[in-house]
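Engineer: Which chain is which? The protein sequence lines are E and V, in order. Counting in the numbering used here, the first sequence runs from 1 upward without gaps. Counting in the numbering used here, the second sequence runs from 1 upward without gaps.
No lab work stands behind these hints, which were simulated from the structure alone. A hint or two may mislead.
Because identical chains share one entry, a pair is satisfied inside a single copy or across any pair of copies.
[To be verified] DSS-like mimics (lysine-lysine), calculated; alpha carbons at most 27 Å apart, straight line: (1) 461 to 17; (2) 131 to 163; (3) 131 to 468; (4) 280 to 139; (5) 17 to 512; (6) 340 to 360; (7) 61 to 163; (8) 360 to 377; (9) 163 to 139; (10) 512 to 28; (11) 360 to 468; (12) 352 to 377.
All values derive from a computational prediction rather than experimental measurement.
2 protein chains.
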Amino acid sequence: MRISVAQINFHIGNFEKNKGLICDAIDKAKADKADLVIFSELCVPGYPPLDLLDRIDFIEKCSSAVYEIALHCKGITAIVGSPTINENPQGKKLFNSALALSEGRIVFSANKALLPTYDIFDEYRYFEPGKRFSVFEFKGLRLAITICEDLWDEQHFDNEFEKRRLYTISPMDELVKQHPDLVINISASPFSHSRIESKAEIFKTKARKYGIPVIQVNQTGANTELIFDGASMIINSRGEMWRRLPFFEEAFFSFDTSDIFAGNDPVGDIRTGHVELMHKALVTGIRDYFSKTGFTSCILGLSGGIDSALCLALAVEALGNQNVRALLMPSTYSSEHSIKDAVDLANTLEVKYDIVSIEKPFTAFGEILEPLFHGMKSGITEENIQARIRAVILMAVSNKFGSILLNTSNKSEASVGYGTLYGDMAGGLSVLGDVYKTEIYKLARYINREREIIPQNSITKLPSAELKPDQLDTDSLPEYSILDEILYQYIELQKPADKISGNGIERATVDKVIFMINYNEFKRYQAPPVLRISSKSFGDGRRLPLVARY
Amino acid sequence: MRISVAQINFHIGNFEKNKGLICDAIDKAKADKADLVIFSELCVPGYPPLDLLDRIDFIEKCSSAVYEIALHCKGITAIVGSPTINENPQGKKLFNSALALSEGRIVFSANKALLPTYDIFDEYRYFEPGKRFSVFEFKGLRLAITICEDLWDEQHFDNEFEKRRLYTISPMDELVKQHPDLVINISASPFSHSRIESKAEIFKTKARKYGIPVIQVNQTGANTELIFDGASMIINSRGEMWRRLPFFEEAFFSFDTSDIFAGNDPVGDIRTGHVELMHKALVTGIRDYFSKTGFTSCILGLSGGIDSALCLALAVEALGNQNVRALLMPSTYSSEHSIKDAVDLANTLEVKYDIVSIEKPFTAFGEILEPLFHGMKSGITEENIQARIRAVILMAVSNKFGSILLNTSNKSEASVGYGTLYGDMAGGLSVLGDVYKTEIYKLARYINREREIIPQNSITKLPSAELKPDQLDTDSLPEYSILDEILYQYIELQKPADKISGNGIERATVDKVIFMINYNEFKRYQAPPVLRISSKSFGDGRRLPLVARY
C-alpha cells in the first residue's frame, strides 16, 4: 500500500480554502499513486475552532465540506479530521472525528477518546469522548486510527502535581486487541520549545511498546497564539524516526508501507537547534496572524532596546521590510545612544521610520492635570503617561494606515507587571510575550549569527525603560538570570515557593516575585494575544481569578 | 433533625477569612441547636479557584483548612465543599468534593459526578468525575449529597443545538436506589437574569420526580465577573418552594426536618422583579470587586450619556459617594447639554467631579502627527485619539490616587466594536458590558423609580459618541431595538443568520451585524472583565478564534 502524508496550514472557518487545500493534496496523492492520503486533526474547520463549534451553522458547513471532499476521493481514500454530530440522545453534541472518505462516502470513522482539557485545550467543552475502538481494514492492512491525545495517555507534565496517567483508559491498549498493522495519528499539536524531544518520544514509545509503525500527521502554521510546528513523524516498529517532515512548513510525502515494514533506510530525525526553532515559530506566528486576518503591514515602537529590536527583525522576516514601519518616540529621558541604536537598526533592515517626540503631548497632559495633581510628587503616574502617549501615537498610525501594532513586551516583564496597561502593553499581537528576557538575548544573537543586524549596543547595554533619569530595570527587579529562573519554576513548573528558593535564590526574592506575578493578573487580563512557544504562556492556557488573595 | 443553611460570600484563596466565616457559622448553628450545617460548593478555597487548583501548595492549604474546620465541629456535623486529591493512580488529580466533617474527622465524602465544562465552567480541566454514589446515613436519615451540576442533568440550554441531556449518567437516578430521605445540593451557581425561574425549576423538578425534599445551598457575592445570587432553596417533596434565602446577601437559616417532611407552612418563593435583580447583581459585582481586591475608590468618565450616568449611580450605591469620582472631559464636539446633564448627575449624587478639557493634548497630538498624516483626511483615527486621550487622563487619576477606573461600555457597543481600544474600552472592570442598550434604559428608569437621579435628558436624548459634529449612534448602527434583538439571538441563542431575520429584521442587517460581531473579536480580547448577568457574556465564557474567517 502507498500512503501520502499531507502537512498543511489550515485557516479556521475558511471552508473554501481548507477544502481547496485538501482536494489539491488528494490530487497530488493520486499523482503519486497513493492508496491513502492522511490529513491532520480537525483539518476541515481548521484547528482550534473554539466556540464556533457551538454553532449549528458551523457544523453544517463542516458536514457539507466533508461531503464535497468525499466526492473528490475517486480512486483514493482520504483520512480527514472534522467534528461530527453525536447522534446519541445523551452526551455532548459533537465528536472529534477522523473520517475515512472514498467515492463520495464516509467509509470509516473513529472518534477521539482522550479529550485534552488542560492548559490551552478545552476539548471536553465540545466533544463527547469516543468509547468504541475498532481498526479500519483497508487494502489488506488493519489501521488503528487515533486522534492526537489518544496516544498521549502516558505523557509527562511539567507540573509534577499532575498524574503520569491523566486518563483512565488507553485507546491503544484497546485497539491493539484487534492486531493492527499500523497506527495512524492525526494531530493538531502546537509547538512548545521545551517539548521538542519529549513529543517525539511519545510516539516512539508507542511504536516500540506495540511493535507497530506510527504515522503522525500534524498541521503546520499559526492560528492566533498557537503555532503548529508540523514536523509530522513516520516511526518504524522499532521506534526509530523513519522519516520526519520539516518544521513550520507545509509538506507532502508519499511512501510504500512495505518500506517501513521492512525497516528500509531510516533517515532519522531532523537536527534543528532549539533557538532556531523558537525563531521559526515566532516568524510563523507573525506571518500567519497577518495573512489570516487579512492585514499586510505592521507598526511598532523602536526604543533602541533589545526587545523592540528583536521584534522588528522578526517582523521584517515575516512580513518583508516594505510592510514594516517603526516609530522612534524619544522623551527627555531617552539617551542619545538609544536613538542612534534604533536608527541604525532601521537602516540596516531598510525599514521606514519616523522620529516623533512625545514632549508636546506630555506637556499638554501635565498642564491639564495640574489642577488635579497640584502639589503632588511626580512618579509612576507620569512614567505611565509617557508610555500611554506612545501608545496613542502608535495606534493613530495603526488606525490611519491599517497596520497592526506589534507589541514588544517580553515574558519576564509581563510576568511581574513591569509595563504600562494601554501603554507599552498595547498592540494587536504580542510577539515576545512568551519569551523570557534571557531567551531574548539568545534570539538576538541568533538573528546576528551571520552579520550584525541588531546593534551590539542594544544587546550589551543594561536594560532600561527610560521613563525617568538613569532608570535601570534592576532598580525594581532582580537580575534577569535570577528573575527568569524564579518565573520558570513558578509559572511553567508550578512549584511552591519553598521549592524554588535555594541554589543562590533567596526566599525573600522568591516571595517578592510571586507577589508581583499574582498582583499583576489584572494587567495580563487585558494584554494582547501572545505567540505561545513554551509549555505555559499567558493567555487562555493560564486562567487565574483576579480577585483571589493568594 | 435540625439543619442550618449557611449562604456566605467567600473570597478565593483567602483561607483565613473563609475558615473564619465557616467556623462562625458553625458556632451559630450550634447556638441554633442544629445537628447539621450546610455550606456551598468549594467554599473552603472560594469559587471559582480556576488554575490555582493546579498548584500543590494551594491544595495543601485546602486540606489544612478542612482539617481545622473539622476540629471545630464539636457536637455538630458540617458539610463543606473542597477539592480533594484523587488517590487513584489514573485520572485527573483532584475531585470536587462535599465533605461531612465532625469531631476532627471527615466522616463522609461525595465527589461531583457531573462536571460542567461549557460557557464559564471548566471543571473537567481540574477534576475527575465521581463515579461512586452512596447516601450519607446521619441521625436516622439517609442524605443524598450532591454537588451543583449533579442535579442539572436535564437542564435546558439557550442554544437549542445543545442536547437536553448533556451527560450520559444521572447521579440522582443512582442515588435514589438507596432510598434517600433528603437531597442536599451544595452549589456555586452564578446569576443569570434569564434563568431565575428555570434554575428554581431544576430543583423543584427533582424534588417532584423523586418525591424527596431538596436543600440547595448556594454561595453569594461576586468574584471578578461571576456574581452569585445566593437565593438558596429548600423545596419540599411536592416540589414547592418551602423556604428561600434572600438574593445577593449572606443569610443563615435553621429548620427542623420534621417540618419540611410534614410539608408545614410552605412560605413560597421570593417575588423579585427582573430589573431589580439585575440591579442588585451589578451593585454586588462592583462592591465585591473592590472589597476583594482591596481597593476602595473608583474613577469614571462622565459624558452626559445614559451609560456613564447609570454606571455612576451603581458605583455610588456599591462604594458610597465619597469613594466615587467623576471626570468630565469635553471636546469641541461635546454639546452644552451633555456637560450640564453630567454636572447635574454628579451634584445629585454628591460626587466629586472635575472638568478637564481634552483640547490641549488633542492639539498636541495633531501637531506631532502632522508630518506623518500630512494631506490625509481627518476621520476615525482622530475620533479614536479623542477617546484615547480621555483614557490617558482617567488612568492618570487612577494611578495617582489608587482608584480603579470603571469602564462604562454597554454590551451592544461591545458586540459590534463601537468603541475605541485603549480609549473608552479601558478600565479595571466593565460594569455594563453584559447589559444591552435596551436594558440600560430599563435600569436607568429603575434607578429613577423614586426620584430623578439620572437626568431625564440623559435617558431621552438620542445616543451619540460625540466624537464628530452631530454624530449619532444610528449613523453607524441599526436602531438599538433591532440591534439588540439580533445580538441576543446570535450571541445568547447562537442562532444561524437565516433563523434571525424575519419579523421585521432584514437579512442584510443581520449579516452586517454578524460581520461586525466577528470582526471585532480582537477588541473584546483586550477588554476588561465584564460583570456577567446574562447566560452568555463576553469574556471567559465565550472563546472565539481571532484569526477565523467566519
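Engineer: Does each hint fit the structure? Answer for all of them.
Structural biologist: Evaluation of the provided hints:
1. 461 to 17: Close neither inside one copy (47 Å) nor across copies (47 Å); limit 27 Å.
2. 131 to 163: For residue 131 and residue 163, both the intra-copy (22 Å) and inter-copy (19 Å) Cα distances are at most 27 Å.
3. 131 to 468: So residue 131 and residue 468 fail the 27 Å test inside a copy (62 Å) and across (60 Å) alike.
4. 280 to 139: neither (39 Å within a copy, 67 Å between copies)
5. 17 to 512: between (50 Å within a copy, 22 Å between copies)
6. 340 to 360: For residue 340 and residue 360, only the intra-copy Cα distance (22 Å) is at most 27 Å; the inter-copy one is 31 Å.
7. 61 to 163: Only across copies: residue 61 and residue 163 sit 20 Å apart there, 38 Å inside one copy, limit 27 Å.
8. 360 to 377: Both: 21 Å inside a copy, 22 Å across copies.
9. 163 to 139: Neither: 40 Å inside a copy, 38 Å across copies.
10. 512 to 28: Answer is neither: 58 Å inside a copy and 39 Å across each miss the 27 Å cutoff.
11. 360 to 468: Both. Shortest intra-copy (17 Å) and inter-copy (24 Å) distances satisfy the 27 Å Cα cut-off.
12. 352 to 377: between (39 Å within a copy, 22 Å between copies)
Hint violations for this structure: numbers 1, 3, 4, 9 and 10, all remaining hints satisfied.
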